[in-house]
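Residue numbers (my numbering), protein chains in the order written: chain A, 1 to 113; chain B, 114 to 226.
Calculated directly from the structure, the hints in this document are not laboratory data. Incorrect hints may have been included.
Straight-line Cα separation of at most 20 Å, EDC-like style, residue types lysine to aspartate or glutamate; simulated pairs [said to hold, decoys possible]: (1) A:68 - B:208; (2) B:191 - A:113; (3) A:78 - B:189; (4) B:135 - A:113; (5) A:74 - B:219; (6) A:99 - B:208; (7) A:109 - B:226; (8) A:88 - B:219; (9) B:181 - A:66; (10) B:187 - A:96; (11) A:78 - B:126; (12) B:181 - B:117; (13) A:74 - B:126; (14) B:212 - A:96.
Protein chains: 2
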Amino acid sequence: MIDEFARNGSLLELYGGLLTEKQREILELYYIENWSLAEIAEYLKISRQGVYDILQRAIRQLNIFEEKLGLLRKNEQKIARYNNILMKMQELLGEDNYKLLLPYFEEIKNLFD
Amino acid sequence: MIDEFARNGSLLELYGGLLTEKQREILELYYIENWSLAEIAEYLKISRQGVYDILQRAIRQLNIFEEKLGLLRKNEQKIARYNNILMKMQELLGEDNYKLLLPYFEEIKNLFD
Numbered sequence: 001m002i003d004e005f006a007r008n009g010s011l012l013e014l015y016g017g018l019l020t021e022k023q024r025e026i027l028e029l030y031y032i033e034n035w036s037l038a039e040i041a042e043y044l045k046i047s048r049q050g051v052y053d054i055l056q057r058a059i060r061q062l063n064i065f066e067e068k069l070g071l072l073r074k075n076e077q078k079i080a081r082y083n084n085i086l087m088k089m090q091e092l093l094g095e096d097n098y099k100l101l102l103p104y105f106e107e108i109k110n111l112f113d
Numbered sequence: 114m115i116d117e118f119a120r121n122g123s124l125l126e127l128y129g130g131l132l133t134e135k136q137r138e139i140l141e142l143y144y145i146e147n148w149s150l151a152e153i154a155e156y157l158k159i160s161r162q163g164v165y166d167i168l169q170r171a172i173r174q175l176n177i178f179e180e181k182l183g184l185l186r187k188n189e190q191k192i193a194r195y196n197n198i199l200m201k202m203q204e205l206l207g208e209d210n211y212k213l214l215l216p217y218f219e220e221i222k223n224l225f226d
């Protein structure tokens, strides 16, 4: 289970395209650029409360998309299944051959992100 | 490039959760169960034209979701990159070792669907 901040960032990456431009901008500043609410408020010339409200509403929407499509949940399941397959291949290959292939296995793992 | 019928079926699997229940039911009957428009119309007791209109509107929406999130496009890219990595591993492993791991590679490939 990842923490809520990281989870919201992941939801933003998955479903950000479904938000309005304004919502996406604010969430990206907050979750990716790590700006504070005050900094975003000053930059966009709206109140801190205004930023907070947009953020809360957008997070609710991202969670609704996740309830409907479950992309984050499915990704986590895929990574778990992939790690499982990796372990079986490691047993079969032995340590040396497995190490030889490790860069490729890492490349494949990145495809699940 | 997959044909339009198969592509719409894939879009349905990816984004069906964002459609209304009625839209999803009709699209599943058409694209997954392969019923005709006339069969769906009779089953739901609406006109054939009504079924057609719901189908067309839902397909437009699925395409808008794909424009916004690009899950199908990204999946196709991932499969292409995975096949590429597989080829490099095949060269490195030699035919016999590669064949030994083939069931696992297939299992991994299924994770991209």
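The hints, checked one at a time:
1. The hinted pair formed by residue 68 of chain A and residue 208 of chain B fails the criterion: a straight-line CA distance of about 43 Å is larger than 20 Å.
2. Under the criterion of a C-alpha separation no larger than 20 Å, the hint pairing residue 191 of chain B with residue 113 of chain A is consistent with the structure, at around 10 Å.
3. Only pairs whose Cα atoms come within 20 Å are accepted, and residue 78 of chain A paired with residue 189 of chain B is accepted, the gap being roughly 17 Å.
4. About 32 Å separates the Cα atoms of residue 135 of chain B and residue 113 of chain A, which puts this hinted pair outside 20 Å; it is violated.
5. Taking the CA atoms of residue 74 of chain A and residue 219 of chain B, the gap is near 18 Å; set against the 20 Å cutoff, the hint holds.
6. A threshold of 20 Å between alpha carbons decides the hint, and for residue 99 of chain A with residue 208 of chain B the separation of about 18 Å falls inside it, so the pair holds.
7. Simply put, residue 109 of chain A and residue 226 of chain B have alpha-carbon atoms about 15 Å apart, close enough for the 20 Å limit, and the pair holds.
8. Between residue 88 of chain A and residue 219 of chain B the alpha-carbon distance is near 14 Å, which keeps this suggested pair within the 20 Å criterion.
9. Proposed proximity of residue 181 of chain B and residue 66 of chain A is supported: the alpha carbons are some 15 Å apart, at most 20 Å.
10. Of the supplied pair hints, the one linking residue 187 of chain B and residue 96 of chain A is violated, its CA atoms being roughly 33 Å apart against a limit of 20 Å.
11. Pair hint residue 78 of chain A plus residue 126 of chain B holds up; C-alpha atoms about 17 Å apart against a cutoff of 20 Å.
12. For a cut-off of 20 Å, the pair hint linking residue 181 of chain B to residue 117 of chain B stands: about 19 Å separates their Cα positions.
13. Proposed proximity of residue 74 of chain A and residue 126 of chain B is supported: the alpha carbons are some 13 Å apart, at most 20 Å.
14. Restraint check: the Cα-Cα separation between residue 212 of chain B and residue 96 of chain A comes to about 18 Å, which is no more than 20 Å; the hinted pair holds.
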